[in-house]
Amino acid sequence: MEATPTVRKTFAHGIHPPDFKEETRSKPIRRFPFAPVMIVPLSQHIGKPAKPVVAEGQEVERGQLIAEPDGFVSVAMHAPASGIIRKIGLAPHQSGRMVESIFLQPFPASGQQVDPGTPCEVETASPKEIITAIQHAGIVGLGGAAFPTHVKLSIPEDKRIDTLIINGVECEPYLTTDHRVMLEQTGDIFTGIRYVLKATGAKRAIIGIEANKPDAALKLRRSIPEEMPVNVELVKVKYPQGAEKMLITALLGREVPSGGLPADVHVVVINVATAAEIGRLLPRGRGIIERVITITGPAISKKGNYLIPIGTPLRYALDQAGLHEDVSEVVLGGPMMGQAVSSLDIPITKGTSGIVAFTSAETNHRPEKIYPCIHCAYCVDACPLFLNPSRLGILAKQGEYERMAAEYHLMDCFECGSCSWVCPSNIPLVQYFRIAKGIIREKKAQS
Amino acid sequence: MSLPKKTLEIRTSPHLKSPIQTDTIMRNVVYALLPVAAFAVYLFGLAALLVLLVSTLAAVLTEHFLCILNHRESTIGDWSAVITGLLLGLTLPPALPLWMVACGGIIAIALGKFMFGGLGYNSFNPALVGRAVLQASFPVAITTWYPAMTPDRFSSLPASSLTMPFMKPVWDTVTTATPLGQMKFEHIAAETDKLFFGMSGGSVGETSALIILICGAYLAARNMLNWRIPVTIFAVVAGLTAIFHGISPETYPTPQFMLFSGGLMLGAVFMATDMVASPLTTPGVIVYSAVIGVMIVVIRFWGGLPEGVMYAILFGNAVSPLIERSIQPRVYGTTSRRAKA
Chain A
23 MEATPTVRKT
33 FAHGIHPPDF
43 KEETRSKPIR
53 RFPFAPVMIV
63 PLSQHIGKPA
73 KPVVAEGQEV
83 ERGQLIAEPD
93 GFVSVAMHAP
103 ASGIIRKIGL
113 APHQSGRMVE
123 SIFLQPFPAS
133 GQQVDPGTPC
143 EVETASPKEI
153 ITAIQHAGIV
163 GLGGAAFPTH
173 VKLSIPEDKR
183 IDTLIINGVE
193 CEPYLTTDHR
203 VMLEQTGDIF
213 TGIRYVLKAT
223 GAKRAIIGIE
233 ANKPDAALKL
243 RRSIPEEMPV
253 NVELVKVKYP
263 QGAEKMLITA
273 LLGREVPSGG
283 LPADVHVVVI
293 NVATAAEIGR
303 LLPRGRGIIE
313 RVITITGPAI
323 SKKGNYLIPI
333 GTPLRYALDQ
343 AGLHEDVSEV
353 VLGGPMMGQA
363 VSSLDIPITK
373 GTSGIVAFTS
383 AETNHRPEKI
393 YPCIHCAYCV
403 DACPLFLNPS
413 RLGILAKQGE
423 YERMAAEYHL
433 MDCFECGSCS
443 WVCPSNIPLV
453 QYFRIAKGII
463 REKKAQS
Chain B
29 MSLPKKTLEI
39 RTSPHLKSPI
49 QTDTIMRNVV
59 YALLPVAAFA
69 VYLFGLAALL
79 VLLVSTLAAV
89 LTEHFLCILN
99 HRESTIGDWS
109 AVITGLLLGL
119 TLPPALPLWM
129 VACGGIIAIA
139 LGKFMFGGLG
149 YNSFNPALVG
159 RAVLQASFPV
169 AITTWYPAMT
179 PDRFSSLPAS
189 SLTMPFMKPV
199 WDTVTTATPL
209 GQMKFEHIAA
219 ETDKLFFGMS
229 GGSVGETSAL
239 IILICGAYLA
249 ARNMLNWRIP
259 VTIFAVVAGL
269 TAIFHGISPE
279 TYPTPQFMLF
289 SGGLMLGAVF
299 MATDMVASPL
309 TTPGVIVYSA
319 VIGVMIVVIR
329 FWGGLPEGVM
339 YAILFGNAVS
349 PLIERSIQPR
359 VYGTTSRRAK
369 A
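First to last, the sequence lines map onto chains A and B.
The numbering of the first sequence is this note's numbering, which starts it at 23 and goes up by one.
The numbering of the second sequence is this note's numbering, which starts it at 29 and goes up by one.
These are calculated hints, taken from the structure and not from any lab test.
Do not take every clue at face value.
[Unchecked claim] With a straight-line cut-off of 30 Å between C-alpha atoms, the simulated DSSO-like cross-links for lysine-lysine are:
| no. | chain 1 | residue 1 | chain 2 | residue 2 |
| --- | --- | --- | --- | --- |
| 1 | A | Lys49 | B | Lys196 |
| 2 | A | Lys181 | A | Lys31 |
| 3 | A | Lys258 | B | Lys45 |
| 4 | A | Lys459 | B | Lys196 |
Only chain B is shown next, with the shape it has when bound in the complex (with noise of 0.2 Å):
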């Protein structure tokens, strides 16, 4: 007979594969977060691209180089060093020094991944660990605003972007106080509408909402994002607020103001969907998000900070692989949620 004489490959079955990657997801949140962080550099001029750019580079750098020193290929090529830097960056205020910047960057990767195994170990969402950090070592950095908008921003620098490492960094004159510190110390309540194009003070990506969702809702059309977590989290805090706001409407802020002020956007759409540190059943997930809600709403009204958000998600991910344990999904053909041991 005429057949070829060729060695055939054996593989096992399934023989034919999804041609989603992980490389496809990762590259397609950074496509998704690249509008927020445009739009943040035309809020802040290069401050914030100064940030974006820093904070990127200093947790890839970091990546490529742990992976040199551990002898492994180098992960750069996962995308997923690159979503933490631009996240990092756009929880910054536009104004810190770039050497804390760059501090956050490879704190985030070797403090909050690489430590924990790399990609897919990670505990917590590496960014936030990053943004943490940096508030506990640099309290007043991190809370010290710029105001979007001003007529130079592409022109010139904030004074504090270039301090020296180590140095004590000089303030501008026109630093502003966000939306959320208005509200928690002054009882100021911004406008909703302000605050849902983002034309407010606050961190360099934290601003316009109407950007983050649409971004937000790309990924999940993409099956790239789970939208349970934002929506319950929005759901949570906007039902807790309004509960709040009814019995004391002086003390306590209407529920539009909670859901588009500070980084609840940011956090709910990018940073507590971090797959990694968010549960895998869908039952699992619905506690994760409502327990971030809860955290946000309690830190937000009762804690010593204006903002919430990063410590909540935190907290989410902490409690994550507990939820993991207990929620288990019902298996065909049982009644029973827990398998039998």
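Excised from the complex, chain A in its bound form (with noise of 0.2 Å):
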């Protein structure tokens, strides 16, 4: 690795979590073997559901469509093996909830090959098509969030994109799918990043990268496309510098209007694993069946960056990372906005980037007491948003919710958790906020 220069671009506060990436980082992606029954959620996406286009006791192909896009904020689902479809039916899902499910038996003994799909040509196709594309192909957002990507691209008439960001910045502790994803699946980023810049109309694009992976950002570098107006910049190591709004100040020194969206100030972001996404399958019309994730924390043995079947059962994916006997808690995503499962009989789905496992060894030592909040100040120094978390939580205590968003702007939060993480008193500051704008929206719907 070369010297690294003095990175400067940032965003002002956050927080300087350790990074616990060392044991994955340099693990090259790794193939995960078929589980027994898949179990592919019709909803993995913000949004409405997919529509299931296959009957109990259909035979399908891997990669075949299984459900289709049910209207604008949807979209596809492809078989992520060759079998048999079991059952349609309800599965325990990551929220809690029993969500309507294709459970798919693999067959053993097929050669699970992918046939190519219709193509959709980069040179060719019109910004509609891509996006149209882009639904078809069921890409969503694979930074975390599971938010389509075409509605994302889908930019209004009144608005004009001058500048397309590639979020390569991984500012999760723990997670280094990324990382390995801009290391290895370099050529599909760019090609990605091609679709992405015509379907937008975007005159150039950024790929912002965390400065703790120079690696990745040499490599990029050193294969942009010649005359591909393409730029790789290092940002500082900080958390949530990965948070599109974090990204877009520290890049380009703008600031995204409150209840705004990137595309008010000219922007689309988009995360690396998606842009690579939309780079492998467009060329060769398929679908998304798959996906890297980091398996990583102290209760797993064999931690590495595998790429997972999505529909994989939880249990069995643990299973075969090596999960250690003493495990008492799972995390899907990072361990910063990620969340806790109470069931490994849940499947993993397109917005799963990670899975981070503990031993009771860390959750019996984990700080729990409640001081009072001593006005110490390290929330409101944390806060990237520059809200003020001590204020919202004394609000929140006394119940005053409409008070907070009203006169402090809590519906701006986007719980990244650094206030909860500095707070020395252990207030559940993120936990209070989300309660708070649980009942607003509740109350609103009511209205």
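With the hints in hand, could you dock these two chains into one complex?
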């Protein structure tokens, strides 16, 4: 690795948690075997669930369309393996609810070849056709939010996009999927960028990478196709640098207006793995059936970056990765914003960027005692949106939810967890804010 | 499959936590106060040691018993009562009768902290509340100064220290004047270097500017003290004094004298920085500190007292919620400071 020059680009505030990426950052992406039964939820994205187009008992090929988008904010689903549809019914889901899902039993003897579909050529396709192709490839934001990518790329008529930002920051501790994707799927990323530039009309693209991944930045920089308007920029290592707003501010110095979208400041941001997926799938006319996931944490013996078929039950995935007997907490996504699961019977979905498993050695030593707020202002200095979490926390405790939203911009909070992380009094600030936001949304829906 | 059927813990994100805890911060403040206390004992001997011990014990025991009386878990483990006790002791004259010291500790915790709801809810710095009540109750005792570096300071106590409660203290003949008192009433300015290294009369811990600054720098480096507060107070006090000294050098002291005399160092570094009683946001903190700086100058120059740091900080604490309310941070993606109502 070469010496990195001083990196200055960043946003104001933020925190510096330890990154725990050492153990998986140099592990190449490895393929994963097929589970005996796969569960493909029809809702793996924000928006309306997909509509199944297969019937129970039907045989499907790997990569075949099994559910089509239902409306605009919805994406397609494809068979993660060649096999037989055993059942279409309710299955446990990350959200804690039971969700309509397709149960697929892979054929053990199948070659698991994927037949090419109708390609969407970047040279000939119109922006509209590219966006439709992305929807039908079932692509959602792979960074964790699972927002349908084609919706993000459908820019309203009155908005003009000048810059496409490719998010390769990966600021969540423990996760190294984007890092590996940048090193190993470099070509796909640039192909994907070509599609997205055309779809959005942006004149240039910037790939933003946190300074702790100089090898990825170097590889990308050296691989920029000739005459492609792409820059690779390093940004400071700081959480939550990977948040859309924070990355836009770091790279361009623009602030997304409160309540607005990146398009309001002429920017579209997509995750680097999403770009790679677009670049790989669209020229072949295929749909997304697998994704790279970091399985790591103190309770995992075979930590690594795995290419895992979507629909693989968590239990199976953890078994393959060597789960420690003393596991006490399993988090989907990164430890800062990820969700602890209550059951291992839920499947891996398109939005799963990582699985972090902790043993009781860690969970028992987590500071739990809640002290009163001592006004240390650590949270005020941490909040990347310059909110006042201390004040918001006090108002939340008093149940003044309306005032939190009206006077203190509660609804801008994107729950990055920086305030909770720094709070020396262990006040569960983000949790307070989630509850407050939920109640406000509920009240709004009623009125 | 071979996985254990163990119950998984569910909690909400973030699943990681900074190791810095409230008691970590408080404990570090105590560490930072210990060199100041040690130097005070070196200067004033047994008398200072007893003042510090009695004030700290009184504060901690008061907190403990009030918790028990209120059927709460004792909160002395968070170390904040120790800070209050130590700070109070450091602001008192070394020969103050110990029963008064104890009263100060009890009042600081009971009236200054517990009555408001304990840690995190006090509007004023509790140690200063204790000190202010003592000042009002025993105006003579609290302004009777004992000289530093007396030869027998480690073998004997000033006669006044062990005064029986509610009895009139008997003062040693060797009392002294503080540099501020001399300045105010006799217009004699002490040499700045003597003040800086602390070899002059005064309260237990209000003496060595150097040690206070080093200890404050340690806390600031660990992000457990907001350096903007002392720096702003110093700047405001020095700036205002420079102006007045420039106009009339006979009437007003030099900025150096102002900075290094009396309780300004201890007050600006350790008292005004009380997290609970100061504002949250950086602009708020600057206004708060400037208010304290102005008040110090006003009281010292035109007030009836030679020293004004204590009342200046209490005044700053009093207006802190007002500052807090009127100065909110500008939220990302908005242009105005005030939230839209």
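A quick look at each hint next to the structure:
no., hint, result
1, Lys49/A / Lys196/B, "violated, 79 Å"
2, Lys181/A / Lys31/A, "holds, 26 Å"
3, Lys258/A / Lys45/B, "holds, 21 Å"
4, Lys459/A / Lys196/B, "violated, 63 Å"
In this structure, the hints that do not hold are numbers 1 and 4, in rising order.
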